[in-house]
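Just so you know, the protein sequences line up as chains A and B, in that order.
Under this note's numbering, the residue at position 299 of the first sequence is numbered 299, and the numbers go up by one with no gaps.
In this note's numbering, each residue carries its 1-based index in the second sequence increased by 338.
Hints are not guaranteed to be accurate.
[Claimed, not checked] Here chain A is said to cover these stretches of chain B; the calculated rule only asks that three of the stretch's residues, wherever they fall, bring their Cβ under 8 Å from a Cβ of chain A:
(1) 378–390
(2) 404–417
(3) 429–440
(4) 443–455
(5) 482–494
None of these hints come from the bench; they were simulated from the model.
In this text, a Cβ means the ideal position worked out from N, Cα and C, and glycines have one as well.
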Amino acid sequence: MATASQASTDSLVIIDTAHRVEFDPRYGYHRYLIGSFRFERDEYFVRVTYPKGTYVSDVSAFLRAMMRDVAWGFFYGWVNFDEVFGTVNHYGSVDVFVGSYNAGYKAAGTDFIERFDANRLMGCFKALLSDWTNAGFDPFAAPLETGSAYGSKHGNNDAAVNFQRELAERFVGLPGDTELRTDARGFAINRQFADVPQDEPEVETAPGFEGQLSAFNLFAYLSRSPVTWNPSIVSVVGQSAYCPTSEEHILPILHGNDRVEWFIQLSDEITWQVNDKATAAPRAIITMKAGDIAAMPADISHRGFSPKRSMLLVWENMTPGLEERYGAGELPPTAAEF
Amino acid sequence: MSTATRFASIDDFDKGGVEIIGQDAAPRYLFSNMFEVARQSRPWERVVVAKNLEFTIECVRAEGDSPWYLCSHDETALCMQGQVAIEFLKPADAALIPPATQDGAVRLATTPGGTAMGRVRLGRGHLALLPAGAAYRFRSAALGVLLVQSLAGPESVERWAAICQH
Chain A
1 MATASQASTD
11 SLVIIDTAHR
21 VEFDPRYGYH
31 RYLIGSFRFE
41 RDEYFVRVTY
51 PKGTYVSDVS
61 AFLRAMMRDV
71 AWGFFYGWVN
81 FDEVFGTVNH
91 YGSVDVFVGS
101 YNAGYKAAGT
111 DFIERFDANR
121 LMGCFKALLS
131 DWTNAGFDPF
141 AAPLETGSAY
151 GSKHGNNDAA
161 VNFQRELAER
171 FVGLPGDTEL
181 RTDARGFAIN
191 RQFADVPQDE
201 PEVETAPGFE
211 GQLSAFNLFA
221 YLSRSPVTWN
231 PSIVSVVGQS
241 AYCPTSEEHI
251 LPILHGNDRV
261 EWFIQLSDEI
271 TWQVNDKATA
281 APRAIITMKA
291 GDIAAMPADI
301 SHRGFSPKRS
311 MLLVWENMTP
321 GLEERYGAGE
331 LPPTAAEF
Chain B
339 MSTATRFASI
349 DDFDKGGVEI
359 IGQDAAPRYL
369 FSNMFEVARQ
379 SRPWERVVVA
389 KNLEFTIECV
399 RAEGDSPWYL
409 CSHDETALCM
419 QGQVAIEFLK
429 PADAALIPPA
439 TQDGAVRLAT
449 TPGGTAMGRV
459 RLGRGHLALL
469 PAGAAYRFRS
479 AALGVLLVQS
489 LAGPESVERW
499 AAICQH
């Protein structure tokens with residue numbers, strides 16, 4: 001049985017035309033137009049106009065969310081910039097919506113959604129992100145570690161917005177796979193993880209088995225993450241991927257799951273706000289402390305709050321087509337029942 | 339805010355929890371704490387603390403020497419507490435290696451014959467690859483905790499009602 005959200009978007013036509021830009025001389029930025037959406041920013045705010053109305057957001061929050069949407073390739077499922085605006089990944093095409101998963105907008109009939117070719121939309125979002133990110137502002141960084149997003153156009157920070165996360169194909173450190181993070185590679189120990197031991201495991205490999213054994217200090221690896229809320233992949237077993245990440249301040253999006261996702265809190269503490277994925281109605285608050293483990297069901301969205309930089313192991317099932325099986329109701333939204 | 343990084347252990351953990359504030363139920367989140375699970379487990383028991391269809395993360399109380407295991411696919415072991423060594427052997431008898439259709443590690447009755455591949459010594463926070471087709475055993479002189487990334491198999495123990503918040 002198809003879910004309500006899936007049934008309501010099945011008839012969307014994929015828009016496969018490039019975005020357009022217009023220069024806005026007031027602040028020095030460009031406006032971006034794609035489909036029926038128009039994106040513009042001023043010194044403090046982003047304004048998105050669409051056929052049924054206007055959406056407004058703080059530009060700092062918007063750019064942090066946009067950064068994740070771009071860096072993760074629209075991620076698994078819903079990337080809600082807040083309870084109103086966001087994207088849904090269909091893996092080849094992507095929906096952009098305003099209010100489509102918000103009970104108030106739905107009741108008022110002011111919700112709006114369009115579907116785009118993923119590459120077209122990515123081109124638009126990347127250009128916008130590069131243009132609207134000023135010198136000194138890093139949308140991947142914690143607020144205490146970066147400058148301001150506000151003001152008229154002044155420079156850029158393409159080095160930050162083009163940061164590439166590291167995705168191991170099998171296991172960090174194996175020949176041909178991703179490498180350890182070191183000072184020499186530009187990965188300094190973060191100020192909030194200065195007390196994390198940097199010792200590496202002893203690996204003794206017998207002659208003839210070189211390159212077959214591998215181990216590394218995951219905590220040291222995470223202590224050297226230069227970004228927040230941006231998972232890497234360190235090990236892959238079948239379609240099971242360990243995606244650890246360092247977290248500080250607020251997850252800039254409400255991630256709406258299109259499959260079950262798991263969190264393993266390795267250090268410190270994160271509080272999760274959990275909403276209903278279809279209506280944005282609050283459902284739960286989950287406090288996770290070091291050693292805690294929790295599942296995020298496939299029918300919710302979640303946003304994390306980490307008062308101190310913490311280490312989180314995000315665990316994903318990358319099996320292709322899972323989003324369709326959950327969306328069709330073939331799989332239950334929870335990982336297990338008792 | 340203190341910048342001291344807070345890790346936990348079997349003797350020193352502080353569990354969070356699920357607060358329901360809308361239409362929901364706490365058991366859906368399968369909330370547990372690995373150190374609490376390990377405290378209540380037998381040595382080398384593989385208690386499933388996370389499951390995503392056929393894939394699992396299993397919590398292991400590391401204490402003494404484990405049996406030898408073999409697995410047809412890769413696994414990993416993350417040491418969350420203690421000092422744990424892993425010894426690896428390439429089995430002389432390839433028939434000991436489970437078929438590709440067998441998910442999860444299988445326990446061997448005895449030490450297999452074969453060629454020593456090497457060993458790894460893990461401390462807290464260290465992650466090791468347990469490569470497919472390599473027999474392995476863990477050795478932990480003191481109490482430790484491991485998280486094993488694997489698939490559900492004959493050694494996997496599921497007892498959600500006992501470990502999760504109701």
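Taking the hints in turn, this is what the structure says about them:
1. 378–390: holds (count 4)
2. 404–417: holds (count 5)
3. 429–440: Not satisfied, violated; 0 residues make the cut.
4. 443–455: holds (count 3)
5. 482–494: holds (count 4)
Violated hints amount to a single one, hint 3; each of the other numbered hints is respected by the structure.
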